[in-house]
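Student: Using the sequences and the accompanying hints, generate a full structural model.
Number of protein chains: 2
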Amino acid sequence: MAGTGSVQHLSALLDLFTDRQWIVTIDEVMAKLELPRSTAYRTVGALSRAGFLDRVSDEGYSLGPRILQLYRLLQVGDPLLQVARPVCMALAATAPRGSAVLLCRSYFDGVMCVHQEMAPGPQEAVSYQVGRPMPLYRGSSSKTVLAALDRPRLTKLYDRQSDDIRRAGFGESREAFLANVKAIQRAGYCVARGEVDKGRIGISSPFADKGIGLTGCISLVLSEASSTEEDISRAIVQVAAAAHDTMQRLAVWKPATRSSDIDSPARPDATNRATASGSPSRRARSTS
Amino acid sequence: MAGTGSVQHLSALLDLFTDRQWIVTIDEVMAKLELPRSTAYRTVGALSRAGFLDRVSDEGYSLGPRILQLYRLLQVGDPLLQVARPVCMALAATAPRGSAVLLCRSYFDGVMCVHQEMAPGPQEAVSYQVGRPMPLYRGSSSKTVLAALDRPRLTKLYDRQSDDIRRAGFGESREAFLANVKAIQRAGYCVARGEVDKGRIGISSPFADKGIGLTGCISLVLSEASSTEEDISRAIVQVAAAAHDTMQRLAVWKPATRSSDIDSPARPDATNRATASGSPSRRARSTS
DNA sequence: TTTTAAATCCCAAATAATGGGATTATAGCA
DNA sequence: TGCTATAATCCCATTATTTGGGATTTAAAA
Numbered sequence: 047m048a049g050t051g052s053v054q055h056l057s058a059l060l061d062l063f064t065d066r067q068w069i070v071t072i073d074e075v076m077a078k079l080e081l082p083r084s085t086a087y088r089t090v091g092a093l094s095r096a097g098f099l100d101r102v103s104d105e106g107y108s109l110g111p112r113i114l115q116l117y118r119l120l121q122v123g124d125p126l127l128q129v130a131r132p133v134c135m136a137l138a139a140t141a142p143r144g145s146a147v148l149l150c151r152s153y154f155d156g157v158m159c160v161h162q163e164m165a166p167g168p169q170e171a172v173s174y175q176v177g178r179p180m181p182l183y184r185g186s187s188s189k190t191v192l193a194a195l196d197r198p199r200l201t202k203l204y205d206r207q208s209d210d211i212r213r214a215g216f217g218e219s220r221e222a223f224l225a226n227v228k229a230i231q232r233a234g235y236c237v238a239r240g241e242v243d244k245g246r247i248g249i250s251s252p253f254a255d256k257g258i259g260l261t262g263c264i265s266l267v268l269s270e271a272s273s274t275e276e277d278i279s280r281a282i283v284q285v286a287a288a289a290h291d292t293m294q295r296l297a298v299w300k301p302a303t304r305s306s307d308i309d310s311p312a313r314p315d316a317t318n319r320a321t322a323s324g325s326p327s328r329r330a331r332s333t334s
Numbered sequence: 047m048a049g050t051g052s053v054q055h056l057s058a059l060l061d062l063f064t065d066r067q068w069i070v071t072i073d074e075v076m077a078k079l080e081l082p083r084s085t086a087y088r089t090v091g092a093l094s095r096a097g098f099l100d101r102v103s104d105e106g107y108s109l110g111p112r113i114l115q116l117y118r119l120l121q122v123g124d125p126l127l128q129v130a131r132p133v134c135m136a137l138a139a140t141a142p143r144g145s146a147v148l149l150c151r152s153y154f155d156g157v158m159c160v161h162q163e164m165a166p167g168p169q170e171a172v173s174y175q176v177g178r179p180m181p182l183y184r185g186s187s188s189k190t191v192l193a194a195l196d197r198p199r200l201t202k203l204y205d206r207q208s209d210d211i212r213r214a215g216f217g218e219s220r221e222a223f224l225a226n227v228k229a230i231q232r233a234g235y236c237v238a239r240g241e242v243d244k245g246r247i248g249i250s251s252p253f254a255d256k257g258i259g260l261t262g263c264i265s266l267v268l269s270e271a272s273s274t275e276e277d278i279s280r281a282i283v284q285v286a287a288a289a290h291d292t293m294q295r296l297a298v299w300k301p302a303t304r305s306s307d308i309d310s311p312a313r314p315d316a317t318n319r320a321t322a323s324g325s326p327s328r329r330a331r332s333t334s
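Chains as they are written, first to last, in the numbering used here: chain A, 47 to 334; chain B, 47 to 334.
None of these hints come from the bench; they were simulated from the model. Idealized CB from N, CA, C, for every residue including glycine. Don't take each hint at face value.
Just a few of them, taken from the derived set where beta-carbon distance is under 7 Å, the chain A residues facing chain B [stated by the list, open to error]:
#: 1; residue: 53
#: 2; residue: 63
#: 3; residue: 68
#: 4; residue: 109
#: 5; residue: 113
#: 6; residue: 114
#: 7; residue: 117
#: 8; residue: 119
#: 9; residue: 153
#: 10; residue: 158
#: 11; residue: 212
#: 12; residue: 259
Tutor: Spelled out as structure tokens, the structure:
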């Protein structure tokens, strides 16, 4: 009914949210996106009505419920997650105490962890978190996924990011870079010590599915202090088996087998949302 | 650089994804949004470049990595989650085996679970899932949150959804509705049996924070078969205590105390993304 | 009540999205 | 290798939409 704004604004606005900033004010939107006040209000209002933003009383806007909703749809729909979750759980069950199992996949020029399973025992945080974009050439997960990309992508990637790759010590020249990649491809796994978190070892093995055009890996993150070389050798075998298992399950995955939702609960439609308090409330207290 | 599309399209397009449909084709976009082919391609392309959609080889598009990324930002940023997660964990630790702890909050005309913590023991799925929009008047969580809303919102809500409310048996008239609400307000908790999942009991207690304008509840979901009345009584006390605890912690929450992220990993910017394979690849195989 | 600042509303000007069709790229096939 | 069918992209005049400056309304504080 009402006018809205462009996807560019949407994207730029959501980019304002970072690890450090979880709340965004109208003034920040105006400043960062170089928008006049009225447009800023309108854009923010449209995004609120669509559920991407949520008003935090006087202070500004935070990310909204729509994010959670879409996240759930991704979780229940993505065949990779459907297929690989049980594999990860099984791996976590037999993994050393305190370790973590990661399911990662490539996205654009990066890798992202899409699922994490903690082994029993005291848990230490892994900074390779679900939803956190990571570069393609640091950490065992990244390197493994990188090595699974096809040749044209690799050369393109090197051209684009040669500086960063050099700085990360993953190849001084294109040849060195491709050699490193090839080594991982040959081995079928990758072990990295302390590249992401100090004192932790990452062990990864790749999988790929041409059917849904997907490249990823399964990783096990161990504590460096409490792991013997034997632990690591055993872990490599387990991780490789898990990745292999995942690939096979993906290949035979039937989209028909979908979880029927018991009965579809209320999904407030656009009309309802518009009438609700989606638009900014009056009067923000100026704390200054 | 390139043209994009409107937020309405974005929202409408993302609405095509449901529990049953996790993949969307260009033809569906054309049909459902009544868009010509060129515009459909452009919109989908823009959303892919922004990371909201992800191409699934020949088959179409699925939800993209941006969703996961935003989900994470919501998780690490939201003070409610920061504050209530440990409370939920503590509650789950002492809760009966197989039960689940839910953290819910109100959004528009619905309630949404924003966090779930499983008690140890064999776990049965709860259909009150994280990110799933639920109506405001079915289940203990919903009713509890509903009861915590202010009067004007309640009357507005009834006007808008009186039919649904009647059908759910939560009030034949406005007076009956308000009486039901008041009863929950007085008690300070709500118990519901089998309203969401057959054979399960929900026990909820509300919290609110005027500071960030937030209304929600903490719930415990028990199995009806293995719970005595005494279990339930004890659970009510525990849940109420947890909710109270949450409210107090929220009140003293200092936004200054933020988790400093170790070192910001690569976040592919718009330019990089545009050069990557964000745009649709050629030739989708027609299975027909 | 008055004051102050935020949020919304309004509308002409300007910009950016639109969409029909032509064009190019792709995969399958002979 | 060339040919065909179809998907994906490109082009550009038309048109509908956003835009933004300022006036107006609303709400909280003084």
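Student: Does each hint hold? Answer for all of them.
Tutor: For each hint, the structure was consulted:
At its closest, the beta carbon of residue 53 (chain A) sits 4 Å from a beta carbon of chain B; the interface hint therefore holds under the 7 Å criterion. Proximity of residue 63 (chain A) to chain B holds as hinted, the smallest CB-CB distance being about 5 Å (cut-off 7 Å). Restraint check, residue 68 (chain A) versus chain B: the minimum CB separation of about 3 Å is within 7 Å; hint holds. At its closest, the beta carbon of residue 109 (chain A) sits 5 Å from a beta carbon of chain B; the interface hint therefore holds under the 7 Å criterion.
Because the smallest distance between the Cβ of residue 113 (chain A) and any Cβ of chain B comes to about 5 Å, under 7 Å, the interface hint for this residue holds. With 7 Å as the threshold, the beta carbon of residue 114 (chain A) comes within range of chain B, its nearest partner Cβ sitting at about 4 Å, so the hint holds. A cut of 7 Å between beta carbons decides the hint on residue 117 (chain A): the least distance to chain B is about 4 Å, and the hint holds. Here the hint on residue 119 (chain A) is kept, as its CB sits about 5 Å from the closest CB of chain B, short of 7 Å.
For residue 153 (chain A), the shortest C-beta to C-beta distance to chain B is roughly 4 Å, which falls under 7 Å, so the interface hint holds. The interface hint given for residue 158 (chain A) holds, since its Cβ lies 5 Å from the closest Cβ of chain B, which is under the 7 Å cut-off. With 7 Å as the threshold, the beta carbon of residue 212 (chain A) stays out of range of chain B, its nearest partner Cβ sitting at about 15 Å, so the hint is violated. This hint holds: residue 259 (chain A) has a C-beta 3 Å from the nearest C-beta of chain B, less than the 7 Å allowed.
Hint violations for this structure: number 11 only, all remaining hints satisfied.
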